[in-house]
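Student: Protein chains in written order, with this note's numbering: chain A, 447 to 824; chain B, 447 to 824; chain C, 447 to 824; chain D, 447 to 824.
Any given hint could turn out to be false.
Repeated chains share a single entry, so a pair holds when one copy, or any two copies, can fit it.
[To be verified] Taking lysine to aspartate or glutamate pairs in the EDC-like style, the calculated list, with each CA pair at most 20 Å apart, reads:
{"hint": "1", "residue 1": "806", "residue 2": "818"}
{"hint": "2", "residue 1": "463", "residue 2": "524"}
{"hint": "3", "residue 1": "463", "residue 2": "780"}
{"hint": "4", "residue 1": "463", "residue 2": "493"}
Read the hints as simulated data drawn from the structure, not as lab findings.
There are 4 protein chains.
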Amino acid sequence: MSGYERPLRLAMVGGGKDAFIGAVHRHAAALDGRYQLVAGALSSTPERSRASGEALGLAPERSYGSWQDLLAGEKAREDGAEVISIVTPNHLHFPVALAAVQAGFHVICDKPLVHTLAQAQELEQAVQQSGTVFAVTYNYSGYPLIRQAREMVRGGVLGEVRKVIAEYHQGWLATGSEGKQADWRTDPSRSGPAGALGDIGTHAEQLVSFVTGLELSAVAAELTHFVPGRALDDDASMLLRFAGGAKGLLTVSQIEIGRENDLRLSVFGSRGSLSWCQENPNVLIYDQLAAPRQLLTRGGPGLGAAAQQATRLPAGHPEAFIEAFANIYTGVADDIAARQRGEQLEALYPTVQDGVQGVKFMERVLESAADDGRWTAF
Amino acid sequence: MSGYERPLRLAMVGGGKDAFIGAVHRHAAALDGRYQLVAGALSSTPERSRASGEALGLAPERSYGSWQDLLAGEKAREDGAEVISIVTPNHLHFPVALAAVQAGFHVICDKPLVHTLAQAQELEQAVQQSGTVFAVTYNYSGYPLIRQAREMVRGGVLGEVRKVIAEYHQGWLATGSEGKQADWRTDPSRSGPAGALGDIGTHAEQLVSFVTGLELSAVAAELTHFVPGRALDDDASMLLRFAGGAKGLLTVSQIEIGRENDLRLSVFGSRGSLSWCQENPNVLIYDQLAAPRQLLTRGGPGLGAAAQQATRLPAGHPEAFIEAFANIYTGVADDIAARQRGEQLEALYPTVQDGVQGVKFMERVLESAADDGRWTAF
Amino acid sequence: MSGYERPLRLAMVGGGKDAFIGAVHRHAAALDGRYQLVAGALSSTPERSRASGEALGLAPERSYGSWQDLLAGEKAREDGAEVISIVTPNHLHFPVALAAVQAGFHVICDKPLVHTLAQAQELEQAVQQSGTVFAVTYNYSGYPLIRQAREMVRGGVLGEVRKVIAEYHQGWLATGSEGKQADWRTDPSRSGPAGALGDIGTHAEQLVSFVTGLELSAVAAELTHFVPGRALDDDASMLLRFAGGAKGLLTVSQIEIGRENDLRLSVFGSRGSLSWCQENPNVLIYDQLAAPRQLLTRGGPGLGAAAQQATRLPAGHPEAFIEAFANIYTGVADDIAARQRGEQLEALYPTVQDGVQGVKFMERVLESAADDGRWTAF
Amino acid sequence: MSGYERPLRLAMVGGGKDAFIGAVHRHAAALDGRYQLVAGALSSTPERSRASGEALGLAPERSYGSWQDLLAGEKAREDGAEVISIVTPNHLHFPVALAAVQAGFHVICDKPLVHTLAQAQELEQAVQQSGTVFAVTYNYSGYPLIRQAREMVRGGVLGEVRKVIAEYHQGWLATGSEGKQADWRTDPSRSGPAGALGDIGTHAEQLVSFVTGLELSAVAAELTHFVPGRALDDDASMLLRFAGGAKGLLTVSQIEIGRENDLRLSVFGSRGSLSWCQENPNVLIYDQLAAPRQLLTRGGPGLGAAAQQATRLPAGHPEAFIEAFANIYTGVADDIAARQRGEQLEALYPTVQDGVQGVKFMERVLESAADDGRWTAF
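Based on the sequences and whatever the hints tell you, model everything.
Tutor: Here is the structure:
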């Protein structure tokens with residue numbers, strides 16, 4: 447960032463009072479002072495939307511009863527919202543995002559982007575046509591040490607990448623009686639065709655891609671629902687092949703009792719390796735051939751520019767989930783500001799292309815699983 | 447919090463462009479949307495203050511050249527600041543805080559509060575007379591699991607407290623050539639009579655007191671400066687006695703190479719014990735007689751009301767330093783709102799009394815150390 | 447053990463001076479005083495065998511030039527060896543073990559048992575006919591907390607087992623220029639048809655089976671050699687299906703730079719889960735639905751009989767690899783003593799059946815990998 | 447070791463059936479095959495001694511009813527014991543050790559060596575006169591990574607040592623009703639004038655001395671017994687001053703519920719620091735100025751000769767308590783063999799001088815504590 451930037455005017459679709467992820471987006475937007483929440487269509491009914499808007503201090507006339515009203519209303523105002531955050535259940539991502547993009551808003555959309563690859567590609571095209579900024583909150587790529595890993599891997603520090611292991615372990619859906627947050631995630635009409643695969647598997651895939659730049663060539667997958675009667679997978683494991691010969695392993699689950707939000711990534715190359723774990727995000731384990739293990743710490747010695755730029759506090763003063771999430775929001779704000787100055791920024795936030803890739807990944811995995819785990823090409 | 451609260455108008459004294467702690471206060475104030483930064487006297491010269499103000503988007507007329515001007519200017523405005531954050535080097539805490547309190551502002555002041563017990567008590571009296579809110583940013587007491595520890599210890603879960611170990615390990619002042627952040631901290635005219643003791647020892651002491659409620663009865667201390675030529679201690683170790691027979695050990699250092707911000711607390715009682723470490727703040731280790739160790743996690747099962755109230759995210763989505771710091775700011779905002787509603791809140795943020803206690807602690811430690819470690823009564 | 451047992455007379459085939467695993471077997475045999483090494487055919491040439499025998503204090507006439515001589519010589523002595531340890535490269539396991547069993551010796555044989563399932567079954571039959579004790583040193587099943595896990599899982603503590611993750615990460619074969627220990631392991635004529643799969647994959651599979659009792663129904667596998675020119679796999683990943691519906695994931699590698707001997711097992715059930723890691727073997731992580739994580743420690747509270755029986759030291763006095771290995775040796779000695787007393791023991795050491803299962807596992811994995819990862823039934 | 451050494455004939459005083467430490471000594475003696483247990487006076491009564499001897503397979507005539515009989519009997523035999531292990535409660539160390547030394551036996555004696563400095567010095571003189579080997583089982587100095595730390599610190603790798611922190615946390619004596627192992631340790635007539643201080647404090651002090659070579663110049667100590675009615679300290683904390691200006695902190699406790707055998711050492715120098723923890727003994731944390739933390743692992747890259755010599759297994763195959771203890775026994779055996787060959791060995795096992803130092807340390811601490819924590823010179 448060069449000098450002070452006026453806060454961007456933000457509107458939010460979804461994210462009403464009891465929603466987990468809406469509050470996260472608001473904290474992330476607030477942290478660096480780069481956004482001001484000015485409008486919302488926060489819940490699925492007009493009444494609940496307005497109640498949520500009031501609780502957040504929105505002006506009554508900008509607490510809309512529907513997302514359609516929000517887009518129209520804000521479009522019409524001179525001081526209307528510039529950026530739309532979409533934090534609804536998955537099935538609303540596509541219509542809201544498409545309409546917002548077509549109306550010329552910048553968009554920050556939760557993941558997985560949409561239900562089908564066709565929708566994803568339509569959206570991607572709309573973004574290209576509108577020229578707006580479009581970010582997908584693959585928030586884990588906002589962690590400073592993930593950016594450090596990316597810089598190291600892509601800079602060749604590990605040699606040739608041979609093997610990647612991505613794991614995302616959760617246990618909060620182990621019983622089938624988990625309440626609202628669980629309900630829509632396990633309902634195909636709202637969550638889409640994938641359960642854990644879509645909810646957290648796409649995070650794991652994006653992290654692999656973000657860090658390594660490897661291109662998936664094929665997947666062999668096994669999807670399972672362990673909770674009786676559940677309509678979507680609550681567990682997914684798969685083998686991966688990448689262009690160029692690297693191999694991978696990806697496993698995600700929401701029925702592993704005791705695992706909270708245990709996302710892990712390990713990248714093994716011909717000269718070294720890196721390992722990182724989301725629940726202890728301020729440490730990156732770095733191993734080299736025939737040398738003692740090194741622990742790279744956020745804010746500590748030995749880090750490159752990408753990590754430093756994503757860091758607010760000195761080493762030992764831990765940053766965590768919200769700060770990483772805020773790095774996405776602030777990256778979007780930086781990019782918008784750069785574009786307004788006529789500059790081009792190498793933006794590290796995930797874009798609509800990442801969103802498309804996530805949907806393609808889901809489709810290929812579903813296809814492989816439906817075909818008894820046959821290797822399915824990308 | 448009950449419903450939406452209008453953001454409080456915040457002014458900041460100190461915290462200009464290169465200052466570490468000023469930025470932390472701003473993030474903490476922003477995170478929950480409870481404050482709006484409206485004014486500042488951010489640096490020690492008018493020019494640098496205004497430059498910093500501009501970089502933060504302050505209106506030029508509210509970016510003051512001195513703290514005196516700030517207090518006068520904001521006092522005079524109808525929409526003037528309601529809360530003053532004081533984030534200067536230590537020697538300015540006293541005059542700024544006293545004037546702010548006497549002018550009727552709420553104050554959030556960094557630690558250690560002031561240089562001498564006499565100053566501290568004068569300030570305490572002023573706060574009592576003004577009836578304003580006065581918080582001291584012993585920010586580590588904002589961590590959810592520290593509040594959980596407090597609830598457990600004070601609720602008798604550990605039985606009678608026997609022994610407390612407080613440690614605060616840093617290494618960033620190991621060489622004597624560390625730059626601006628180090629310079630004022632090791633300069634008695636700005637830092638006060640204590641070095642590491644004041645800078646981090648007071649945090650450790652406050653944590654002990656906050657969690658256990660034990661009252662210090664005597665201290666036997668050894669202060670050292672290991673870096674040649676340094677005017678203040680960069681290392682302090684001491685034995686503690688508490689009223690009622692508990693014992694303690696407290697060690698802090700800023701010359702322990704490799705230690706980043708390694709604050710630890712262990713409390714041992716007759717029926718159980720608790721251990722916590724700031725660099726891994728989302729876990730509280732809980733041991734009971736003849737039972738397996740339990741790991742209590744922020745957001746996880748088994749936590750009491752105090753921890754839950756200080757928590758924003760589900761388990762496994764780590765919260766960290768800024769979130770804990772924000773819990774102080776948000777606690778102050780809650781308290782101000784409650785007072786405005788005519789209600790009384792059991793506020794958990796550290797108050798001027800905690801600040802007074804910290805200064806008293808410093809004085810007693812200095813006294814003991816000057817007397818070759820003799821046990822010195824409180 | 448009930449009372450003092452005379453040390454068993456032990457002879458060793460393989461395990462000469464530079465051999466890693468031979469020394470491990472000798473430490474394991476010595477630790478509890480239950481064996482006395484009396485004879486050996488320690489190396490692949492008579493000269494080196496005798497040199498090694500001298501270095502170990504064997505009587506010259508009992509330091510044999512070949513394993514054939516050893517079996518014949520010891521058979522002929524009144525004070526001849528009772529137990530034969532086979533610690534040669536894999537390709538010698540079969541002929542030596544078969545001859546030893548047929549000659550009536552008890553046998554402790556390293557893993558993987560033999561090269562082919564046909565050999566394994568022939569050996570199994572020979573053991574049944576001879577009635578001798580036959581152990582396979584799947585040594586990781588000797589760890590006290592692995593036995594605790596077994597007791598808990600089989601006792602239903604976790605509810606129905608849903609998912610198992612077994613990992614065995616090593617990095618010492620990452621370059622292809624690792625010397626003697628590496629050479630035979632990557633040479634099909636000595637190591638057999640599997641590389642990492644046989645060397646460490648069989649350990650992982652046996653651990654799953656030992657702890658859970660689940661029966662493998664099918665495997666879908668991907669074998670890779672990342673080091674150019676290597677004739678055998680140095681990395682193997684696979685998806686598992688078990689009878690009854692449980693699923694699994696197994697990955698092993700010897701090219702993951704920085705990983706030393708990182709064997710891990712996690713078992714997830716419908717009511718709880720367990721996780722264990724070989725490099726930190728004195729802790730077993732136990733999670734239950736809606737309860738704080740517990741850390742079960744070797745020697746600590748809450749353990750069952752199986753773990754206690756395998757434990758020598760109080761909690762906090764760590765036991766490790768050799769102690770676990772010794773639990774196999776001591777288990778064999780206990781079983782021999784029980785048989786001599788005419789008693790039957792529920793022996794927990796791995797037997798020839800475990801060895802057969804390991805070879806079958808290798809064959810199925812090789813078959814699946816050769817068929818592009820098709821699910822291959824057991 | 448150069449080539450095969452005949453096992454030394456070992457006799458044991460104390461260490462009968464229920465004794466914890468006797469079994470440890472036997473495992474340690476057995477592990478490397480350097481000792482053969484040939485005789486014992488294992489318990490405090492002749493009957494129990496003989497029962498214990500039978501359980502261990504001793505010849506009846508060498509299972510003595512008293513230590514006096516043992517020394518006399520073994521002295522008289524041509525194949526008599528060469529080394530005497532003394533594993534009795536503390537009050538018997540002095541008479542048994544003195545008599546054994548005077549009779550010309552090599553001795554391995556548990557710690558703390560004796561009750562008083564006068565006894566210690568008398569024993570030291572006897573050892574000098576006899577010319578025998580005398581080891582004190584400060585077993586923690588047998589850990590490979592402690593030897594690595596010693597080599598690094600003494601080799602100047604950390605620069606000038608500034609601060610040392612030694613901690614030994616246990617919780618097993620928290621209630622006062624812990625049974626036999628606790629009873630003698632808390633009985634002054636058997637344990638001596640110190641409780642936790644003698645039992646574990648001497649270990650901590652020896653580790654500091656072994657690693658750093660620093661000479662204690664003064665101590666300021668606080669001893670406490672937290673369990674009502676206990677006659678000896680169960681908790682001790684102290685500040686240390688070393689010749690040359692280094693400072694230290696030492697705390698030990700046996701009432702810290704949940705702590706198993708948590709011995710820790712940190713050494714901070716002007717250029718780097720080291721940290722080690724007994725419960726995770728295969729890792730040594732190494733920090734340097736302005737460089738990422740390194741983890742040195744037993745058997746891993748970057749280790750010096752001292753650690754390598756004390757290592758049996760490759761990295762990742764953990765060694766632990768018994769292996770470290772065995773390094774003391776094997777060091778004694780090596781030294782005896784070297785002397786028999788007329789060579790001189792730089793032996794790293796703790797000697798009678800270390801034992802004397804430990805008793806002196808206890809006396810100074812007791813003196814300081816009795817004088818309200820006054821700094822007491824060495």
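Student: All hints, please: hold or fail.
Tutor: Hint check:
Taking the shortest Cα distances, residue 806 and residue 818 sit within 20 Å of each other inside one copy (19 Å), while across copies they are farther apart (23 Å). Neither within a single protomer nor between protomers do residue 463 and residue 524 lie at most 20 Å apart by alpha-carbon distance, with minima of 28 Å and 33 Å respectively. For the identical chains of this complex, residue 463 and residue 780 are inter-copy neighbours only, at 19 Å across copies versus 29 Å inside a copy, given an alpha-carbon limit of 20 Å. Proximity of residue 463 and residue 493 under a CA criterion of 20 Å is satisfied intra-copy only: 12 Å inside one chain copy versus 44 Å between copies.
The structure shown violates just one earlier hint, number 2.
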